[in-house]
Each structure stands twice: as structure tokens, then as C-alpha cells.
Amino acid sequence: MSVGLTCKPFLLWFMSFMLAAIAVSAVALRGVSSSVYVYYPETQDVAFLPPPIVFSHPPSVGGGYDVDLADRLALVFTDFEAYPLPGWSSRGGSWSLDSGYKGYGLRGYDTNRGGIRGEASHYYLTAPISGYTRYYVAVKVKLVDGAGDCGISLLNSAANNFYEASVSASSMFISRFDHPETFTLLNSTSVSLAVGKWYILLLEYVRAEGHNTFTLKVYDSSGTELKTLRASDSKFQPYYAGVLVDEETVIFDDFAFSMGDPRVIRVIGAPSGASFSVYDDLGTLVASSAAEGGVAELPVLTDIVVGRGWNGRLYSPELSINRTFSSIIGGDLYEVYGTAYDRLNIVCGPRMCSANITVDLSGLAGTYDCNVLNISVADGYTYYASLMLAYLEGSPSLNLSIASSLGSELQPLRIVDGSVIPDEVSEVEVAGVGSYIRLRCPPTTSGTVYLYLVYRAAYGPAGVVVAYPIMLMLQR
Amino acid sequence: MGFMRFSVLCVVLLVAVGLVCGGFFAYCPVRVAVEVVEPPIVFYGGNNANASGLSGQLVQVYIGCGGASANVTVHAAARASYYVDVLRVFNRGNAGYNVYLRVVEALRGLPACGCIYLYGEGAERVFAGWPAPAPEGYLDELSLTDEGTAGPILLGPRETIEVDLHVYSPIGAELPTTLSRARLILIYTPSGEEPP
Numbered sequence: 011m012s013v014g015l016t017c018k019p020f021l022l023w024f025m026s027f028m029l030a031a032i033a034v035s036a037v038a039l040r041g042v043s044s045s046v047y048v049y050y051p052e053t054q055d056v057a058f059l060p061p062p063i064v065f066s067h068p069p070s071v072g073g074g075y076d077v078d079l080a081d082r083l084a085l086v087f088t089d090f091e092a093y094p095l096p097g098w099s100s101r102g103g104s105w106s107l108d109s110g111y112k113g114y115g116l117r118g119y120d121t122n123r124g125g126i127r128g129e130a131s132h133y134y135l136t137a138p139i140s141g142y143t144r145y146y147v148a149v150k151v152k153l154v155d156g157a158g159d160c161g162i163s164l165l166n167s168a169a170n171n172f173y174e175a176s177v178s179a180s181s182m183f184i185s186r187f188d189h190p191e192t193f194t195l196l197n198s199t200s201v202s203l204a205v206g207k208w209y210i211l212l213l214e215y216v217r218a219e220g221h222n223t224f225t226l227k228v229y230d231s232s233g234t235e236l237k238t239l240r241a242s243d244s245k246f247q248p249y250y251a252g253v254l255v256d257e258e259t260v261i262f263d264d265f266a267f268s269m270g271d272p273r274v275i276r277v278i279g280a281p282s283g284a285s286f287s288v289y290d291d292l293g294t295l296v297a298s299s300a301a302e303g304g305v306a307e308l309p310v311l312t313d314i315v316v317g318r319g320w321n322g323r324l325y326s327p328e329l330s331i332n333r334t335f336s337s338i339i340g341g342d343l344y345e346v347y348g349t350a351y352d353r354l355n356i357v358c359g360p361r362m363c364s365a366n367i368t369v370d371l372s373g374l375a376g377t378y379d380c381n382v383l384n385i386s387v388a389d390g391y392t393y394y395a396s397l398m399l400a401y402l403e404g405s406p407s408l409n410l411s412i413a414s415s416l417g418s419e420l421q422p423l424r425i426v427d428g429s430v431i432p433d434e435v436s437e438v439e440v441a442g443v444g445s446y447i448r449l450r451c452p453p454t455t456s457g458t459v460y461l462y463l464v465y466r467a468a469y470g471p472a473g474v475v476v477a478y479p480i481m482l483m484l485q486r
Numbered sequence: 002m003g004f005m006r007f008s009v010l011c012v013v014l015l016v017a018v019g020l021v022c023g024g025f026f027a028y029c030p031v032r033v034a035v036e037v038v039e040p041p042i043v044f045y046g047g048n049n050a051n052a053s054g055l056s057g058q059l060v061q062v063y064i065g066c067g068g069a070s071a072n073v074t075v076h077a078a079a080r081a082s083y084y085v086d087v088l089r090v091f092n093r094g095n096a097g098y099n100v101y102l103r104v105v106e107a108l109r110g111l112p113a114c115g116c117i118y119l120y121g122e123g124a125e126r127v128f129a130g131w132p133a134p135a136p137e138g139y140l141d142e143l144s145l146t147d148e149g150t151a152g153p154i155l156l157g158p159r160e161t162i163e164v165d166l167h168v169y170s171p172i173g174a175e176l177p178t179t180l181s182r183a184r185l186i187l188i189y190t191p192s193g194e195e196p197p
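These protein sequence lines are chains Z and L, in that order. In terms of the numbering used here, the first sequence is residues 11 to 486. In terms of the numbering used here, the second sequence is residues 2 to 197.
A hint or two may mislead.
[As the list claims (entries may be wrong)] Chain L regions said to be covered by chain Z (calculated; three or more residues, Cβ under 8 Å): (1) 41-52; (2) 136-150; (3) 186-193.
Read the hints as simulated data drawn from the structure, not as lab findings. Cβ atoms here follow ideal geometry from the backbone N, Cα and C, with glycine treated the same way.
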């Protein structure tokens, strides 16, 4: 009994110890069961290659200026060097090629009083013009018979009513023809035109508040204005534009449908003292003028579609510019830009994978447009390149693009007064040598652009993307 | 009475010592059952696994048996080379796991930065900074030039982590002509504790 009494506290202690041990074990086991860790091996191997693309300085050759077409006001133009023309249609008449002002012209003959209920015969553009409320239509004409008239027609959407701005051997007039056979003379005046000589018709059309206003001018072949005639009407809004002939045979040439005055071409950004000349594809001088206040206006009224409509040339001896364009058309706006490489200071990084470019714009008259950095693909593969802006200092205005040796050009990275104009990011394919980064900016801008040339081996979001840093500083 | 207690304790201790010293063994049955299950977390190739790399090389991604190992080999150019979504970690199980990525052997002798960026599935890649474009918006990053651990990233059921690789060398750095290797381990656990 005494032993039992003596053992009781021990047993209590022992039981307490066991319970504690069980609890600790349970906690420990729980901890072990949830602390399972699984280990997977992974390796990352990195090897470096010689740079597939390297930067280099642009070639330090070429004049300090060049010129490019900045805007074309003529929406449609033709020198009638072919017949039939795509996008044109005839209504009545007999139409063919004949000897024109330069090259061929369009010969029109009114077949027994025309295609519209015995009136004029038409050859007109099938694209509607009703969306425009102000435009010019110019055409050169030469009367062959002298018995009837010819000129510019503005037809309604059904092409059965039309306005006519025409000349005959003795008069010029603006009229309206309404189906079936109502002829309304809106205005007319006398003018004397010689059969067999070229004349230029220029019609200015303005539509405002439902009224049509027509201004017709007639010039001789030297560009001297002979007469001006005005008329207005509100019967219908013209839907098609073209030429017409009525009881006459006529040769047409130099047709232009333009949003602006097609009598001159303008060259802007030209430094003082520069002169410009326009030559046609036959080598004939068409117009020349000196720049005043940064603008040169060259009168091309006598040959609005210069030459035969192709390979016109713009020449400036002072600026060493001698550029041939696929066409030069009255109303064109050309812009002179500086290409002086001595304005560039380029430092390429040690592996030619980075570049710091400084452009000195001080004293520049016009836009600066220059290849500022050459891009060469060194490994023989093709890559897809784009420009990625990091950030700006200052408020520069500029366009940066990649011109590929393969012929395409990247949609420019456009920055105006320090704000990036959001555009769809595009990639341009580059291969071999001859690709470059092109900078275009006004002479008054300044600031610093931090960006990357980004390229990858496959088009779109695939493969590795490589980024080369470029710093471009514009100073004035 | 005090003597009696002392005697009883002595007896108990002697018996206990005798049991130990006398080679007495008690066997309690414990059953350990090991069942091999499919790993819930697996590697697999990202969108740019084995895509076109530089100079005709591929972005090589090799996934080991059962998706339980991976080997990535890239050929980088000087300056910044970025590999988007070359490798993925996928939880095909029904429970969430904490995932870690640990560099156990760093890239050596490399005058360049090598870094892994872990993104959620389909996350937009945004970069900032110059002259090195630095990624933003990632879940975690892990330098390959130092030993360290990224994570934990809680990877829920059917969720994916996309692994990007960024290799950047400073201007003027001499780059090695031989391959550099970093060894890593992917760790996953249901526990919230840091893995050993």
C-alpha cells in the first residue's frame, strides 16, 4: 500500500510524459509530412556569338542637299500615252491614240452628235469625285476641225446629265445639259482659238452650300492667259470628271484632276540663292525659278503632266541636286533636305553594337534627312529589325526609320515636340549590307533620344530579341 | 518512507539500465508504403523553345524524362539578348505548390549579366531603362551569375510559370568564346517553409 502510494505520482508523471511525447511526435510527423520538397535539376548554358548585326558610319559622300516629293495634289493624271486607260470609260464618240503635245495624245471624235441624246461624247474617270467640294481639272486641247467644241465634262452619277466647260474656235462657255435634251447656257464669252494649236483649259470647281461655282481659264501653249469665265449653278453635284467633244475632232493631252492649283510645282526648304529647273523625260526644260524665302515656284502650266508623264527631273546646280522622279505633276510639293554628313558625329561602341550620334543642325535651312547609321548583317542570315524608344530628353521632333537594303522601309518612329506618335510597330527585314537608320527632322529641333535597335531572327514574337542601345543627340 | 522511495527509484533505474545494457530490443512494427506518382509539377518548352536564334542557332530547350529536368542552351550576342518564354513550369496537379528556383552553380568568368525572369502565363513583357532594357512586371527574378533562390511563387492547379532569360554584356566587355553553364534546381513543396 505504501509502495502503491509511493508509485502513484510516478505513474502520473510517466503517463503525462507519454502523452506529451505522443503529442510532440504527432506534431513532428505532421510537420514532416507537409515538408516534402521535390528537386528538379536544370541547366542554363550560355554561349556568345560574334555580333550578327553591326553598326558603322554612313559613307561620307554625297552633296549637302537632296530633294524629295513631299505632297502631290493631283489625284489623277495622265498624258494619254496609252488607250484605253484603266479607270476610264467612254460614252459616245470615237477615241484613239494620236500624236500629242509630247508623245501621244487622246484623239476624240464626236460620232454623230455624241453619246448622250445627241449631245457631246465623253471619256471620263469612273472613280466618283462627288466626295470633293473643291478641285481643279486641267487638260490640253487641240482643235482639229474647228466646227464644234471640246472641253471638260462633269457628269452626274447616272452619267446622263453633265456640266460642260468648253471652248470652240470662237468662244468659251459653261453650260448644263439635262436629260433628255435640255441645254442651259450658264455663261459664255468670245475667244479666238486657232485650229491645230494647243491650248490649256483649267477649270476650278467649288461647291458651297449646295451651289456649284465654275471658273474656266484658257491659256495658249506658252501659258499666256487668254480669257476667264465664271458661272454657278445648283442643279446637281458632279459625280464623274472627264473630257468631252461635240461636233468636233480634238486631241487631248496633259489631263490632271487635282486638289490644288496644278499650274506650279513648289520646292520648299530651299536655301537662299538656290535655283531649280524642271526637265522632262526628253531632256527639255519645262520651268525654272529661283528660291525666295525658302520657296521656289516653278510654273509648269504648259506641261502639267511633265513630259510624257514619267522620269521628270528636278535640278539645282547650287545645291548639286539632280533628282529624277517617276513623274512630276503640276501641284507637286517638293522638299529640300540637308544630307550633310559633316553634321554628323558618330561613335560606335567597341563591338559596333552601340552608337552615340550627334547631329549639328545649326544654320540648316530646310529639313535634315540623312542616313545616320549603317546597319550591316555580318553572319549572312536575315533578321527582322525595328526601333524601340527608351526615353527622351528635351522636346525633339523627328522621324526615325530603318531603310532596308532589301527595298522596304520601316514605319517611322515619329516624335513631335517630345511626344511619341503612336503607330503600329512594324519590323523590317534586313540582310547583307546597305541598310541604314534614317533621320528626318526640322532644323529647329533639339533634344536627345535614347532608343534601341531591336532585332530577331524570325518575324513576330519568336526567338531571341537582341537590343543595341543608340543615343541620338540633336543640337542646333 | 524516504528510504523506501529511494529504493524503488533505484530499482527502477537499475532495471532500466539493465535493459539497455543487457541488449534488450523491442520491435514495434512500422509500415512504410512508397507509391510512385506522376509529378504534379513539370517542365515543358515555352513558345520560344527551339525557335530561331542568332546566326542560324536554335534556342535549344531539352526537357528530361517526365518533365522532371530541363536543359536550356542559348547563343547570345553582345549587349542585350532576351529570350522570351523559353521554358515553362506547369502544375498539372490539383493542389497548389510553392515553387522555388535556385542557382546552385553560377555562371563563372562571364563579364555579363545572366538573369532569369519568371512571369505568369501570357504576361505582357514590358521593358524600361537604357542602355540595357530591364524587364518589368515579372513575378520574380534570379541572377545566374550568383548563387541564390527565387521564390516562393505559389503555383495553383493548372497554372504555368513562363521562364525568360536575359543575357546582357556591358559596353567593351570581352566575352568568352566557350560555353558557360549555370546549374539550377527547381524546388516545389506544399509547405510554406523555405526549402533546405
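Hints versus structure:
no.	hint	result
1	41-52	holds (count 5)
2	136-150	violated (count 1)
3	186-193	holds (count 7)
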